[in-house]
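Those protein sequences? They're chains Y and E, same order as listed. The numbering of the first sequence is numbering that gives the first Met the number 0, which starts it at 0 and goes up by one. The numbering of the second sequence is numbering that gives the first Met the number 0, which starts it at 0 and goes up by one.
Among the hints, a few may not be true.
If you want a taste of the chain Y side facing chain E, the calculated C-beta under 7 Å gives, among others [unchecked claim]: (1) G7; (2) E56; (3) Y58; (4) D60; (5) A61; (6) I75; (7) I78; (8) G79; (9) G81.
Mimicking SDA-like on lysine to any residue, the simulated pairs with C-alpha atoms at most 20 Å apart in a straight line are [what the hints assert, rightly or not]: (10) K412(E) / H2(Y); (11) K412(E) / E393(E); (12) K65(Y) / F419(E).
Bear in mind the hints are in silico, worked out from the structure with no lab data behind them. Ideal Cβ placement from N, Cα and C applies to all residues, glycine included.
Each chain is listed here by its residues.
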Amino acid sequence: MPHVVISGTAARRFTGGASEFDVEADTVHRMIRELDRRFPGLGQQIDEGMAVAIDGEIYQDAYMEKLSPDSEVYLIPKIGGG
Amino acid sequence: MASSYDTLKVVGTRPIRPDGVDKVIGRAAFGADMVMPGMLWGKVKRSPHAHARIKSINADKALKLPGVKAVVTAADFPSIPSEEAFVGEGPMNFRDLSRNCMAQDKALYDGHAVAAVAATSSAIAEEALDLIEVEYEVLPHVIDVEAAMADDAPLLHDDLFTQGVEPKPTRPSNIAKKIGFNKGDIAAGFKEAEVVIERRYTTQPVHQGYIEPHACVVSVATDGQCTIFSSSQGQFMVRAYCAKLLGTDIANIRAIPSEIGGGFGGKTLVYLEPLALALSKKAGRPVKMVMNREEVFRGTGPTSGGVIEVKLGAKRDGHIVAAQLVLKYQAGAFPGSPVGPGCMCGFAMYDLPNVSITGYDVVSNRPKVAAYRAPGAPISSFGVESCLDELARELRIDPLKLRELNAAKDGTKTAHGPTFVNVGYVQTLEAAKNHPHMQQKLGPNQGRGIASGFWFNIGGESSAGCFINEDGTATIVEGCPDIGGSRAGMAMMAAEVLGIPYDRVRPVVGDTASVGFNFLTGGSRVTFATGMAVTQAAEKVVVELKRRAAMIWDISPDAVEWKDGMAVPAGANAGNFDPLSLADIALKAGRTGGPISAEVSINAQGAGPGFATHICDVEVDPETGRVKILRYTAVQDVGRAIHPAYVEGQIQGGVAQGIGWALNEEYIYDRNGRLDNPGFLDYRIPVASDMPMLETVMVEVPNPRHPFGAKGVGEVPIVPPMAAVANAIADAVGTRMRDLPMSPPKLRAALDEQNPPRMAAE
Chain Y
0 MPHVVISGTA
10 ARRFTGGASE
20 FDVEADTVHR
30 MIRELDRRFP
40 GLGQQIDEGM
50 AVAIDGEIYQ
60 DAYMEKLSPD
70 SEVYLIPKIG
80 GG
Chain E
0 MASSYDTLKV
10 VGTRPIRPDG
20 VDKVIGRAAF
30 GADMVMPGML
40 WGKVKRSPHA
50 HARIKSINAD
60 KALKLPGVKA
70 VVTAADFPSI
80 PSEEAFVGEG
90 PMNFRDLSRN
100 CMAQDKALYD
110 GHAVAAVAAT
120 SSAIAEEALD
130 LIEVEYEVLP
140 HVIDVEAAMA
150 DDAPLLHDDL
160 FTQGVEPKPT
170 RPSNIAKKIG
180 FNKGDIAAGF
190 KEAEVVIERR
200 YTTQPVHQGY
210 IEPHACVVSV
220 ATDGQCTIFS
230 SSQGQFMVRA
240 YCAKLLGTDI
250 ANIRAIPSEI
260 GGGFGGKTLV
270 YLEPLALALS
280 KKAGRPVKMV
290 MNREEVFRGT
300 GPTSGGVIEV
310 KLGAKRDGHI
320 VAAQLVLKYQ
330 AGAFPGSPVG
340 PGCMCGFAMY
350 DLPNVSITGY
360 DVVSNRPKVA
370 AYRAPGAPIS
380 SFGVESCLDE
390 LARELRIDPL
400 KLRELNAAKD
410 GTKTAHGPTF
420 VNVGYVQTLE
430 AAKNHPHMQQ
440 KLGPNQGRGI
450 ASGFWFNIGG
460 ESSAGCFINE
470 DGTATIVEGC
480 PDIGGSRAGM
490 AMMAAEVLGI
500 PYDRVRPVVG
510 DTASVGFNFL
520 TGGSRVTFAT
530 GMAVTQAAEK
540 VVVELKRRAA
550 MIWDISPDAV
560 EWKDGMAVPA
570 GANAGNFDPL
580 SLADIALKAG
590 RTGGPISAEV
600 SINAQGAGPG
610 FATHICDVEV
620 DPETGRVKIL
630 RYTAVQDVGR
640 AIHPAYVEGQ
650 IQGGVAQGIG
660 WALNEEYIYD
670 RNGRLDNPGF
680 LDYRIPVASD
690 MPMLETVMVE
700 VPNPRHPFGA
710 KGVGEVPIVP
720 PMAAVANAIA
730 DAVGTRMRDL
740 PMSPPKLRAA
750 LDEQNPPRMA
760 AE
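This is chain Y alone, in the form it adopts within the complex:
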């Protein structure tokens, strides 16, 4: 199942410091829902403040992006720009 890593320390307050999880999910949305079920509040944090890097490619606000069983997923701070 996809391996999810919270990059950086900012969101770890929701997880008691833990940063790596195996999550049974085949889409970004299902991954977020599962993480929020385990760590209430983390889902909103991901929705509003984080981007999702799936196998190196960065997605923002992309619920329907697919995850494969061997996907490497990083949750990183959302990116803006100037």
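Knowing the structure of chain Y, use the given hints to seat chain E on it.
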């Protein structure tokens, strides 16, 4: 997707931009050019104090001045709870945004708006400002970032507690947030290192320096319907922020974008629009507001200044085995510096086994920072790329070779987590190494510096429409203000898909009632994301054109091909018909089903990061400390250039701004925390005579997620210049400048310290 358009006729050429003539002859309508019938003029009263409690505001005298129609203060805006959301260009707290537009309880920086007035003329409004009586209790202030972090620093906010530290603090602080990124084992890495260097660098806040000041004209009708005509990087951003700050529905606001005279990130926020709306609502008439340059400097956001502490550990052969970075970024009066991307970008160019990055977001009594090209990245990169140069000298390895040894490539796991795919950093190093610039001989007091940079680039939400006109021309409507020539790019991509000449496509930036939602112009996203929406809309139109041709020929749509702007039978079995041009089909649109058009809304993903490597030659005048840029070459991975001239323009613009950041630009505050240089005479941005021709080299590593291979190009060019210039100065005179700006007095002082001048008596 890129393979669909392997043979390009329009993309990659250099046609004239559709807005070019208007801008050259002065006919383009910028923010200050709009007028409305019965319009009033609005002006802002600003705090003269860096930090002060507002005890009272009395507008009675101002309201009695003939011609004054309304005065607003914070009391005229809804109270907004602290609510964080990621809108615009980063995390945004709407309560802070509201308080930044209009001070509530406390003025937090010199120039902070405390009241606004609308009157029948600009002069009367100006006069009325002096009649608004504000009683302040002046408080101690703090400007410097490290002073603001001290335990005994004056506190800006009683309810600000540092996020990201455990246990949760019980005392408020000016440190809004602490963040960190770690990879590997940093202690083991430094233990393994054969050479370790540790350096401290600083940068100053710098303004985006857009030529057009903020300006708007607004009208609030008696039924609450609002119209906003303003200069911004996103009319949908203006609409959303104003709706939130005024407490009205988004549907009640129509935001119309003007032409924009530069933004560079600084127009991703609202300052005047909410005040003008409140004044218009109160006065019952349209209101126009235009900042002057002093207001732009005192009242709008520059980017952060910062402290960058870098520690690098390497093997003698040049392989870096440990890298540590501590960043302290000024956020201005409210939390929200770009320290997050600063953390992630600093080491992103390198494949490093052990990394530790810590960032602090710190408030102080300065204007709240705003985005500026690749927000956060130039600051951390100045430190990292300077330190890398110092390491190269320590190791006696060529600086470019050191970068090659440690370069990130496909498969490199970054310090912030993701593994790179489809990146072109190595290609930029290769192109730089082979450029004739590297062979040019240098003279006395001349030196050469190398530096690299990284920026993420983004995609995001974009909508576009492609409308076929009766004569076979096409209109493209999209919703991203055109700052760097994006309209030309949109027209080119549509022309490529439709198979018609560029000048048969007219692109328009629509208002919020004319096109679906578009995220703002920023993050180097427009050509990538909105270009993708335009391309898809044009592709849908082609499908419809084929269907109409099939109807005319009475054959199956599958038997029709679109080739060079014409419908043709797919093969001999399809029948023998003369080709139908787009104009032929458009002429019969009414008879074949009605107007031909398509609208597409997407959330574009897969922007692909940008990498750049710059070469800078300088000459230092040892008598004055003046630095002359002799030659500058910027190499950048651009994906595929849709309009190469405008890509080159983006690169040159970013470099020019970076050189100003490096050499001259800084905010100077007096002892009372008042800005001493709020104008271009005293805040020196580069002018044409400061610059050589900035050479550009476009490395094209196409982005497979974009139909034509485009990547964002507008931000990464500002990342390397500060270090490139500093490294060149060190090469020229052996003096390492670690504090920006490297202005003549500072460089002269550093040279004197290195070689003390002989006194007359000696």
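A quick look at each hint next to the structure:
A distance limit of 7 Å between C-beta atoms decides the matter here; for G7(Y) the minimum to chain E is near 5 Å, and the interface restraint holds. For E56(Y), the suggested interface contact is upheld, since its CB lies about 6 Å from the closest CB of chain E, less than 7 Å. A cut of 7 Å between beta carbons decides the hint on Y58(Y): the least distance to chain E is about 5 Å, and the hint holds. With a least beta-carbon distance of about 6 Å to chain E, the hint placing D60(Y) at the interface is held under the 7 Å criterion.
For A61(Y), the shortest C-beta to C-beta distance to chain E is roughly 5 Å, which falls under 7 Å, so the interface hint holds. At a threshold of 7 Å, the smallest CB-CB gap from I75(Y) to chain E is about 6 Å, leaving the interface hint in force. Annotation: I78(Y) was flagged as interfacial toward chain E, and the flag holds, the nearest CB pair being 5 Å apart, inside 7 Å. The beta carbon of G79(Y) is positioned within 7 Å of a beta carbon in chain E (closest approach about 4 Å), and the interface hint is therefore held.
A least Cβ separation of about 3 Å between G81(Y) and chain E falls short of the 7 Å threshold, and the interface hint therefore holds. For the suggested pair K412(E) and H2(Y), the alpha carbons sit about 15 Å apart, so the restraint of at most 20 Å is met. Only pairs whose Cα atoms come within 20 Å are accepted, and K412(E) paired with E393(E) is rejected, the gap being roughly 27 Å. Taking the CA atoms of K65(Y) and F419(E), the gap is about 19 Å. The hint holds against a cut of 20 Å.
When held up to the earlier numbered hints, the structure conflicts with hint 11 and nothing else.
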